[in-house]
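Construct the entire structure; sequences and hints are all you get.
Number of protein chains: 2
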Amino acid sequence: MTESGAGMTEGFGKRLIGVFEASGHLCVGIDPHPYLLADWGLADSGEGLREFGLRVVDAAAGRAGIVKPQVAFFERHGSAGYAALEETIRAARAAGLLVIADAKRGDLGSSVEAYGQAWLTPGAPLEADAMTISAYQGVGSIAAPVELARQGGKGLFVLAATSNPEAFATQSAVVGSGVGSGVGSGVGSGELAGRTVAASIVDEVNRGNEAVLDSTVLDSTVLASVGVVIGATVRLADFGITSSDLVSMPILGPGFGHQGADYESIRAIYGSAASNVVVSSSRAILDAGPADVAAAITAQARELAKVLD
Amino acid sequence: MTESGAGMTEGFGKRLIGVFEASGHLCVGIDPHPYLLADWGLADSGEGLREFGLRVVDAAAGRAGIVKPQVAFFERHGSAGYAALEETIRAARAAGLLVIADAKRGDLGSSVEAYGQAWLTPGAPLEADAMTISAYQGVGSIAAPVELARQGGKGLFVLAATSNPEAFATQSAVVGSGVGSGVGSGVGSGELAGRTVAASIVDEVNRGNEAVLDSTVLDSTVLASVGVVIGATVRLADFGITSSDLVSMPILGPGFGHQGADYESIRAIYGSAASNVVVSSSRAILDAGPADVAAAITAQARELAKVLD
Chain A
1 MTESGAGMTE GFGKRLIGVF EASGHLCVGI DPHPYLLADW GLADSGEGLR
51 EFGLRVVDAA AGRAGIVKPQ VAFFERHGSA GYAALEETIR AARAAGLLVI
101 ADAKRGDLGS SVEAYGQAWL TPGAPLEADA MTISAYQGVG SIAAPVELAR
151 QGGKGLFVLA ATSNPEAFAT QSAVVGSGVG SGVGSGVGSG ELAGRTVAAS
201 IVDEVNRGNE AVLDSTVLDS TVLASVGVVI GATVRLADFG ITSSDLVSMP
251 ILGPGFGHQG ADYESIRAIY GSAASNVVVS SSRAILDAGP ADVAAAITAQ
301 ARELAKVLD
Chain B
310 MTESGAGMTE GFGKRLIGVF EASGHLCVGI DPHPYLLADW GLADSGEGLR
360 EFGLRVVDAA AGRAGIVKPQ VAFFERHGSA GYAALEETIR AARAAGLLVI
410 ADAKRGDLGS SVEAYGQAWL TPGAPLEADA MTISAYQGVG SIAAPVELAR
460 QGGKGLFVLA ATSNPEAFAT QSAVVGSGVG SGVGSGVGSG ELAGRTVAAS
510 IVDEVNRGNE AVLDSTVLDS TVLASVGVVI GATVRLADFG ITSSDLVSMP
560 ILGPGFGHQG ADYESIRAIY GSAASNVVVS SSRAILDAGP ADVAAAITAQ
610 ARELAKVLD
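The listed protein sequences correspond, in order, to chains A and B.
If you count the first sequence from 1, position 255 lands on 255 in my numbering, and the numbers rise without skipping.
If you count the second sequence from 1, position 252 lands on 561 in my numbering, and the numbers rise without skipping.
The hints are all genuine.
Using C-beta positions, here's what the derived DEER-type ranges look like: (1) A:Thr242 <-> B:Ala593: 38 to 48 angstroms; (2) A:Ala237 <-> B:Asp547: 27 to 37 angstroms; (3) A:Gly96 <-> B:Pro474: 35 to 45 angstroms; (4) B:Arg399 <-> A:Thr242: 45 to 55 angstroms; (5) A:Arg93 <-> B:Arg592: 31 to 41 angstroms; (6) B:Arg592 <-> A:Ala237: 39 to 49 angstroms; (7) A:Gly18 <-> B:Thr607: 57 to 67 angstroms; (8) A:Thr242 <-> B:Gly503: 24 to 34 angstroms; (9) B:Thr607 <-> A:Pro165: 42 to 52 angstroms.
Looking from chain A toward chain B, a few residues come up when the C-beta cut is under 8 angstroms (computed): (10) Gly78; (11) Tyr82; (12) Ala83; (13) Glu86; (14) Ser110; (15) Ser141; (16) Ser200.
Since the hints were made in silico from the structure, they are not lab data.
Ideal placement from N, C-alpha and C gives every residue a C-beta, glycine not left out.
As structure tokens, then:
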């Protein structure tokens, strides 16, 4: 079985390659911080969130290929915030933008399956094209949303190595021997031993992708539906990850602009996997304000294209 | 500064002790699985979720002290699901029940702060008494919701050691030397080295609690506001955790009933920290159906009281 087989929904990886080719790698964050709502002259309310979201979508359409709403800022306003998020996502998809819901959900069993249904099921009120997800309970724990993603042509980005220093203890911790029996992951007993937590997540994502891609040669000619989040200020070597580990999976790279990384460093950070990176920028764009946000997107997309296209 | 100082909001730990004394340790899960909605004769819709939530609250009021809505099942229905969740939480709190939102959120900086605001800020549409949270990005990454909890008399349960076997590789991985510089955590450089990921989370939670409790002697006479999730089928020793590590923090123990643990094993699992455990049971109660759910809660509360009260 291949993800792009006849009669099947086109896989997320293939769709993402199309977006990269047509519109580049820039992903515009939709992060309605309270301070940004104030700067934009909008109320800190469901109505303010709606207006903010729709304006960013309008500005991004035709100037970038991907948007990433940060769900936390919508959740602050409960059901009213979620109504604004639904409208924002719907408008973005109608405008041809790929939507990554930055939700960082995670759980087990039927609960994590429900999260997958919430964000990845065609026709669901919050239907996006992909979501971010946390595997603190193991990559095997997210098997249900992985399956949903594959069935529906959707994508998942599993948190692996993030940019913040306080994450390093956990993400660089070393997996012991006698574990990694790989429930739901296909990784044989002990195969993860000696790898860091972040690297073991990359390994398990690769194994899952290999099984679906029906190919043991993962190279840059294929891009799978399940990828990882790797921050733009990490050094892969600190986690025992090599860029060849990442060569056939989508990578979401937050931390550009405001958080300190610049586009020139993309090849240095991600190496041969740089062409798989969704390059996310939020405040560096949104700080431009409502009158200049479209121009800021165009400027950032051009800067990025010098490096990646 | 102590959490229970004059003029301050009463700390969550103190409130929880009061609930344990008045109503016992049982926590009734509000998990509207699609199969349960069908069994209960309810639609798989916002209206069905609302009816399910309110019926469980009605049944729990006066028979248990704590309820735990599983947020994922409400999120499946987007803003309509969240409207049902808001109403369920409001009804539960009005009935004097302590509400733990099982959200397992996690992120960094202003995003995770927004999650804290969503669930823990007095007056927010989704205001609960406590929430579950994930620290894959480090305990330091959740500093903002920790602070919000302490200010508002709210609680946090940080995922530490969960019951599912596929979690073991990550949660038992060993922290290296030269990490644990403890941004936002107060843990000195290298102090986490050699600890498992789950144990390092327990340690960092203890350090944060000590600073706020103004006491370096954490014993069973104090209960802090920030605790952990430790599944009911784990062996603490497998993670290098001892029950004395847990003696002054709230513990959320899911996995009773349906997932295989029975109440008789509580003291064997949690040892001297057993009196801090919020004992969560969901499907073992909800499977009773709408006519018998109240009787099922009473029966479970009695069983549990034989062990813990």
